[in-house]
Structures are given as structure tokens and as C-alpha cells.
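*Asks:* From just these sequences and the hints, can you work out the full model?
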Amino acid sequence: MAGAARRWSNEGVDEQRGTPVGRRIVLGMLGLGAAGVAVGASVQREVTRAFSPVSGIGDVLPAVGGFRFYSVVGTVRTPRDLRVRVDGLVDHPRGYSLAELAALPQTRVRRDFQCVTGWRVPHVEWAGVALPDLLDAAGVSSRARAVRFHSFDGTYTESLTLEQARRRDVLVATSMQGKPVSHDHGGPVRLFVAPMYGYKSLKWLGRIELTETVHPGYWENRGYDVDAWVGRSNGRDDAPT
Amino acid sequence: MRRPDGRDGHNGREGHDRREGHARGLLVRFTLAERWVHHLTALLMLACLVTAFMLYIPAFATMVGHREIVKPVHIYCGLLLPVPTLLGLASRAFRLDLGRLDRFGPHDGPWLRSGRRRAVVDGRGVVPVGKFNAGQKLNAAFTAGAALIMLGTGAMLTWPDPWPDRWRTGATFVHDWLFLVIAVVTLGHLWEAFRDPGALRGMATGRVTGDWAARHHAAWFDASGGASEGVSGVGGAVDVSAEARGDGPPA
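Chains as they are written, first to last, in our numbering: chain A, 1 to 241; chain B, 1 to 251.
These aren't lab readings, by the way, just hints derived from the structure by calculation.
Accuracy of the hints is not assured; some may be wrong.
To be verified - Cβ-Cβ distance ranges computed for the label pairs, FRET-style:
1. THR155/A <-> LEU190/B: 20 to 30 Å
2. PRO197/B <-> ARG49/A: 41 to 51 Å
3. ASP237/A <-> PRO197/B: 30 to 40 Å
4. ALA50/A <-> VAL83/B: 33 to 43 Å
5. ALA155/B <-> PRO20/A: 46 to 56 Å
6. PRO216/A <-> GLU68/B: 13 to 23 Å
7. VAL83/B <-> PRO132/A: 52 to 62 Å
8. GLY188/B <-> THR161/A: 48 to 58 Å
9. PRO197/B <-> ALA239/A: 52 to 62 Å
Here a beta-carbon is modelled for each residue, glycine too, at the ideal position from N, C-alpha and C.
*Replies:* Here you go:
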């Protein structure tokens, strides 16, 4: 035991006389980390711009400015024969197959996609049926004041006022960047609400329901703003999309 | 007897074999407490990295799904990451080793720059490396700094309310990019460990052979003074290398 103690003290004294490089590295890194938090938003914007438009690498590494995959359920299984129903306070409720949606006049929108958690994907091109066209086809009842959207499994819902839903940049999107919307991006059919934060753009759309009032959606029941204008809600000041 | 045919007088191999024959004693490299600190930290770190892949890399995220399970695992493992180290501070051996990892001695700079880091003559490392080489010291410092930064930025992302938007985005930026560096450095650490069974054994059992210690940590081997430990044959091994040095030209 005495031998062991002597061994440690002898050698320990030798090695503890050196320069505390390790401590300096740790403190230096903490400084860099704090600086990164302070200026990271600007740096990330430049990184995103440099890699824009995001191609393959964004699918591997979201940090270069790609989409991040969020889902509120464990797994999402698309039904084989998916139809998007339009019902509720309408004169002509009906379901649309993918082919029927594709046969309607198509609208294109090219905008940045802004998430409320901060990431932004520049210049994403969406195409599909403009929501007001579908609403007109269904014949909206005079009692309707809002539109409620349901994912096909019913877990996720969102709502817009009727006025918001009549904007031409709100799409029932079936195409993204010139290709069918992939499953991971909410395909085959998703909502795209161009001027609002991403959580309004419900993925895996299954039902469009005309209602009398706005029903707060999945995240809105967890504290997010119902009117989710980019740059004017959720306490954020992002550039409008 | 020693040189029956005059061929192997300066043959390091012979000295090596004889050393192994003699140095049957083992040196204590890590105490039980130190090994627990290492293993628990390693487990938490790997859990953080694996869950990070599942939450962040789109290919894994879509394959695995189940964010509601993966996310809390990631957060709790991250919050627990410093706990083994903090508990380890109760151990004197651990505190001493932290001091050793912290301090750079006169040989560490040359060791890093030298092309002869692994050079061994007569079973003994040429550079008198202490208990830890400079690479291990850098790895320890980086891992400590990185863990603290990830803890801080991760906490900001887990409890975002007090922070302005720009700081949250900045925290995301730091957490995202540092993750990549940590993944690479951790793989490097595993690579170095798995190609050195002696080192692996040192961390698994706490003990290393005198032979391994002399090759990789010559100064620590000397300071551990196998002789004063009463490890049979280690003194003899030192004699052998002296003899071998006298016999042949230095390699």
C-alpha cells in the first residue's frame, strides 16, 4: 500500500507540473460553443444559402438546409386506396382519388419552407390543386366559417379560417420539386399553406371538413399560435415566406 | 550462451521474448471506480449517438419513426452524461488521472509532432510517454468540452422558452455540427482502442502487462517502478534492455 501511494505521488507530481492544456481546450471550446450559439443563426443562414437548392446531401445531413423529419406518431402506413374527402358544411361532399386530383387544374407555388423551430428550406416548388378550387367545386355552405384538415389516420388535425383557406397559395399538394410528394414529406397528398409555419402544412392529408368554427390543431393544443403567419406569430421574427 | 551463433545480439525480438518471460506481473492501470466511470459514460455516449442518428438523419428517422420513444431516451441519456464523471470525483485515483490528462509535459508536444510515436526499441517506447499519451489527453479534453457544449445547447433546445429565437437557432446550429465532429472523434477513439488489445484489456480489467506498459507508456512504466511494487521479474526485464542496449547499436 505504501508503495502504491509513493508511486502515485512521485509520478503525479511530475505530470502535474506541466501546462494545463486540457483545461484550456475545454474552456476554449466552451467559448466557441457560446459564440456559436450567439452567431449560429446567421452562420446557418449562410450555410443554407451556400447549399441551396438543397439536393441529395440535404437528405443525408439536414444541417446544410434540408427538411427535418417530424412525425407525431410512431409509424405512418398509407392506405392502398387513398381518397381525400371534402365534407362537412358543403353542398356536394365527395372523395377524390389521386387521379381525380391530378385531372383538376394544377397550381404551382415556389416558396421557402419555414419551420417554427427555426430551420428554413429555401425555394421549394409545390404543385397541386389550389384549395379554393376544391372548395368551389364542393359548394361551401353559408354557415361555414372555417376549414378543418385531418391526416388520414385522424391523429393530426389543422384548421384555417375560410378566408385563409381561400388564398391561392394554399394547396392540396401532390407534387414537390417536380416529383410526386414522397411518403416522408407527407405524400401522396399533403397540405401546403405557403404563408404560415410548417406545422400548418399538414402531412398525409385524408379529409377536408368545412366547419362553423376554427378548431385548434394538434400543435395549437400544445401552445402554438392558431394564426401561424411566418414572422408574425409564435414570438418569431422570420422573414415572411 | 547469450550469443551462440553471434546473430541475435542486437535482436530486439530476443529481448522482447525474455521480457515477456520475466514480466508476468501486471500493473494496475485503472481502478474499479475509474472503469465504471468510463463504461457508464461510454454507454450514455453511445446511446446519445445512436438516438441522434434516429432523430436527425432523415434515412434513419423515417426508418425507425417512434420519436415519442427515441426523443426522451436521447434527452435523458444526454442529461445523465456528466453524472458518472461527477460521481467519479469521489475517487482519488480518478482525480489523479484527471490531473494527468489535463497537464501536458515536455514530451507531449514532440510526441504529437513526431513521426515516431509508436517507435519501440528493445520492447520500450522511444518517447518516454507518461500514463497517457498526448493523443489521449487531447481526446479527453475534446470529449469533456464537447459533452458540456452538447449538454448546454441540448438543454436550450429541450427547454426553449427563456431563450430568444436567434439563440435557439444558434443552439441548433452548434448541436447539429458538433454532433458530426463527436461522431467522428468517437469512432476514432473506438478504432484506436480495438486495434490495441493491451489497451482494451487495461480498460476492461484494470490491469496491463509490464510489457505493454513499457512499449506504450515507458515513463509511466518506470514510475510505476515494477520493482517497488514487488512485481517479480520486472527489474530483470529492465536489466535485459540495458544489456541489449549495450550489446547492439541503437536502432
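*Asks:* Taking the hints in turn, state whether each one holds.
*Replies:* Against the structure, the hints:
In this structure the supplied range 20 to 30 Å is violated for THR155/A paired with LEU190/B, their Cβ-Cβ distance being about 39 Å. Separated by about 49 Å at the C-beta atoms, PRO197/B and ARG49/A satisfy the suggested range of 41 to 51 Å. For ASP237/A paired with PRO197/B, a C-beta distance near 57 Å fails the hint of 30 to 40 Å. Between ALA50/A and VAL83/B the Cβ separation comes to about 39 Å, which falls inside the hinted range of 33 to 43 Å.
Taking the beta carbon of each, ALA155/B and PRO20/A are about 27 Å apart, not inside 46 to 56 Å as hinted. The hint said 13 to 23 Å for the Cβ distance between PRO216/A and GLU68/B, and at roughly 20 Å that hint holds. A hinted range of 52 to 62 Å holds for the C-beta pair VAL83/B and PRO132/A, which are about 56 Å apart. Range check, GLY188/B to THR161/A: Cβ separation about 55 Å, and the 48 to 58 Å hint holds.
The hinted range of 52 to 62 Å is satisfied by PRO197/B and ALA239/A, whose Cβ atoms lie roughly 57 Å apart.
The earlier numbered hints that this structure contradicts are 1, 3, 5.
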